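K.L.:
Below, each chain spelled out in residue letters.
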Amino acid sequence: MTAETELEGQIGEWRGYMLRRKGVDQTDVDELEDHLRGRIADLAETGLREDEAFLIAVKRMGSVDELSREFAREHSDRLWKQLVLTGDPDAPADTAKRRELLIMLGCAALAAVGIKLPLMFGAGFDGDASFYARNAGLFALAPLILYFGLRRGVSPRTTAVLAGLLVLGAVGANVYRLDGDSQSIVLSAIHLPLALWLVVGLAYAGGEWRSGQRRMDFIRFTGEWFIYFVLIAMGGGVLTGFTAGVFTAIGLDPETFISEWLIPCGAVAAVVVAAWLVEAKQSVIENMAPVLTRVFTPLFALTLAAVLVAIAVTTNAIDVERDMLILFDLLLVVVLGLVLYSISARDHAARTGLFDWMQLALVVSALLIDILVLVAITGRITEWGFTPNKSAALGENLILFVNLAWTAWLYVSIIRGRKRFSVLERWQTDYLPVYAAWAWAVVLVFPPLFAFA
Amino acid sequence: MRIAKDLVAASSTPLVLGILAEEESYGYAILKEISERSGGRLEWTEGLLYPLLHRLERTGYIESTWRTPEGGRRRKYYAITDEGRRELAEQRRQWAAVSEALQDIWKATRSATPIAAPVLEG
Numbered sequence: 099m100t101a102e103t104e105l106e107g108q109i110g111e112w113r114g115y116m117l118r119r120k121g122v123d124q125t126d127v128d129e130l131e132d133h134l135r136g137r138i139a140d141l142a143e144t145g146l147r148e149d150e151a152f153l154i155a156v157k158r159m160g161s162v163d164e165l166s167r168e169f170a171r172e173h174s175d176r177l178w179k180q181l182v183l184t185g186d187p188d189a190p191a192d193t194a195k196r197r198e199l200l201i202m203l204g205c206a207a208l209a210a211v212g213i214k215l216p217l218m219f220g221a222g223f224d225g226d227a228s229f230y231a232r233n234a235g236l237f238a239l240a241p242l243i244l245y246f247g248l249r250r251g252v253s254p255r256t257t258a259v260l261a262g263l264l265v266l267g268a269v270g271a272n273v274y275r276l277d278g279d280s281q282s283i284v285l286s287a288i289h290l291p292l293a294l295w296l297v298v299g300l301a302y303a304g305g306e307w308r309s310g311q312r313r314m315d316f317i318r319f320t321g322e323w324f325i326y327f328v329l330i331a332m333g334g335g336v337l338t339g340f341t342a343g344v345f346t347a348i349g350l351d352p353e354t355f356i357s358e359w360l361i362p363c364g365a366v367a368a369v370v371v372a373a374w375l376v377e378a379k380q381s382v383i384e385n386m387a388p389v390l391t392r393v394f395t396p397l398f399a400l401t402l403a404a405v406l407v408a409i410a411v412t413t414n415a416i417d418v419e420r421d422m423l424i425l426f427d428l429l430l431v432v433v434l435g436l437v438l439y440s441i442s443a444r445d446h447a448a449r450t451g452l453f454d455w456m457q458l459a460l461v462v463s464a465l466l467i468d469i470l471v472l473v474a475i476t477g478r479i480t481e482w483g484f485t486p487n488k489s490a491a492l493g494e495n496l497i498l499f500v501n502l503a504w505t506a507w508l509y510v511s512i513i514r515g516r517k518r519f520s521v522l523e524r525w526q527t528d529y530l531p532v533y534a535a536w537a538w539a540v541v542l543v544f545p546p547l548f549a550f551a
Numbered sequence: 013m014r015i016a017k018d019l020v021a022a023s024s025t026p027l028v029l030g031i032l033a034e035e036e037s038y039g040y041a042i043l044k045e046i047s048e049r050s051g052g053r054l055e056w057t058e059g060l061l062y063p064l065l066h067r068l069e070r071t072g073y074i075e076s077t078w079r080t081p082e083g084g085r086r087r088k089y090y091a092i093t094d095e096g097r098r099e100l101a102e103q104r105r106q107w108a109a110v111s112e113a114l115q116d117i118w119k120a121t122r123s124a125t126p127i128a129a130p131v132l133e134g
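In the order they appear, the protein sequences are chains A and B.
Note that the working numbering has the first sequence beginning at 99, numbered continuously upward.
Note that the working numbering has the second sequence beginning at 13, numbered continuously upward.
Derived from the structure by calculation, the hints contain no laboratory data.
Model, not experiment: these values are computed from the prediction.
Just so it is clear, CB atoms sit at the ideal spot from N, CA and C, and this is done for glycine as well.
Be careful, since some hints might not be right.
Unchecked claim - Derived coverage of chain B by chain A (criterion: at least 3 residues anywhere in the stretch with Cβ under 8 Å from a Cβ of chain A; other residues may be distant):
hint, segment
1, 56-68
2, 81-87
3, 107-117
Stated by the list, open to error - Quick list of in silico lysine-lysine cross-link-like pairs, DSS-like style, CA-CA up to 27 Å:
hint, chain 1, residue 1, chain 2, residue 2
4, B, Lys17, B, Lys44
5, A, Lys157, B, Lys44
6, A, Lys120, B, Lys17
7, A, Lys195, B, Lys88
Using the sequences plus the hints, can you model the full thing?
P.N.:
This is the structure we're talking about:
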């Protein structure tokens, strides 16, 4: 009995080892296992003990490298991992996959219907542009939240929290009577999606939102989701172009169809589809965001350093108009993103190297630039007083500044070997609620605070 | 005696098709059969056999089914298709032509240099 279980254990190990090879898939390993067992049985008949027979059988099968190379030569397509809708009918996980697919299709369809629903009550895109601007986040992200709620099978309590936050978002977006061209409405339109995106995070974590690892997973998810969404959007652009061209060629005007149906419905559905793709691809292909991070960290570090040098040489002050404020906020977001995605893909055991120095240089130069910006903003605010836009920009700047400053400090300690890398990861995941709190504050508190300006 | 790699590769398809033409079979049994039929001189590796089986399946010469024999484990059986039989017939013709030509040449060569005779063994 023990010998038998030992053999099963050895075969199981061998399977795991084979399965990690490229070009060899589940059914191949099943087939090879059958082969291995056949040979073990034959060898055992000649009087060998089972463990000896196992060793010889594995040895006869030849080196795993060579074997998998031969498989890969025949199945070169497998090196390009295929994913969508090509489920192997033999795979036992197929019903689960189909269920996921159905949930995805359902939520995507719901999103597409949802964005056209207000039309039934007479709210068209043209007439009620501000209605759509305020609620875009809800239309796009509520189906995504539903999707993750269903996928993760969240508990009733989490469901209640998610639903409550959605309602809160809907109230925040619609209860204040804001002018269509007020600053607050623009801020609300920008910040509601941010706030709701973190609600997506709650759903994504399936209620385990206190776990640092789940939060990191959500950060990874966000990066990949963004990349897939952009890819889908580009495909959508091509589709739109062809639709427009072909219908125009046969003398029909497709503009209404495109702007009223194709683009809005496609965009909100793509939000769900991109999320599904990330989930499905998770274990299949390498994540893209960390790769892009590797490429762009040095380039951004160089650019920022160049800006600092230029400021030092010319002693030109930074011009803080509204667009500039947004630009610098975005710059900090990008730097933060570069830090986050390199953290997300980092092997914790790896020693610090050149790349860490580069990252530190990037963070420090971003901080220096940000200090200059902060000085300029404060100057303007003391001169002209607070407006919703400036306050929001200032708040975001400060939040990102604090994060990056502490990140830089931690980085220095890590590079000098005083702290472990996980501290930095911990800091970033712990900081997520701050963004959420700020985004909600801008949506809910800012309009009354600034008298709906 | 080891058979050269090129020759092993060239003969692999007709061998597998020939074995499957008799009756359907599975990987390990095919490997054993080839070893037996060649008196142990053709020792195929798994890295040769399985990719070959998969390629033949892809080209439609053979087809596979997973079956679970009673009280046994799931196993993948291969059977030859009609197209495979046609291919086998075609390969047979070609091999016969090659072999005939070789026989002719061996005969001629033997009369010239009898030392070469041992090559014919097997």
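K.L.:
Could you run down the list of hints and mark each one as holding or not?
P.N.:
Quick rundown of the hints versus the structure:
Given as covered by chain A, the segment 56-68 of chain B passes the check, having 9 residues with a CB less than 8 Å from a CB of that chain where 3 are the minimum. Coverage of the segment 81-87 of chain B by chain A holds [criterion: at least 3 residues with CB-CB distance below 8 Å; count 3]. With 0 residues having a beta carbon nearer than 8 Å to a beta carbon of chain A, the segment 107-117 of chain B misses the requirement of three or more and the stated coverage is violated. For the hint pairing Lys17/B with Lys44/B, the CA-to-CA distance comes to about 19 Å; that is within 27 Å, so the pair holds.
This hinted pair checks out: Lys157/A and Lys44/B have alpha carbons roughly 16 Å apart, not beyond 27 Å. The suggested pairing of Lys120/A with Lys17/B holds, with an alpha-carbon distance near 25 Å, which does not exceed 27 Å. Simply put, Lys195/A and Lys88/B have alpha-carbon atoms about 24 Å apart, close enough for the 27 Å limit, and the pair holds.
Hint 3 from the list above is the single one not met by this structure.
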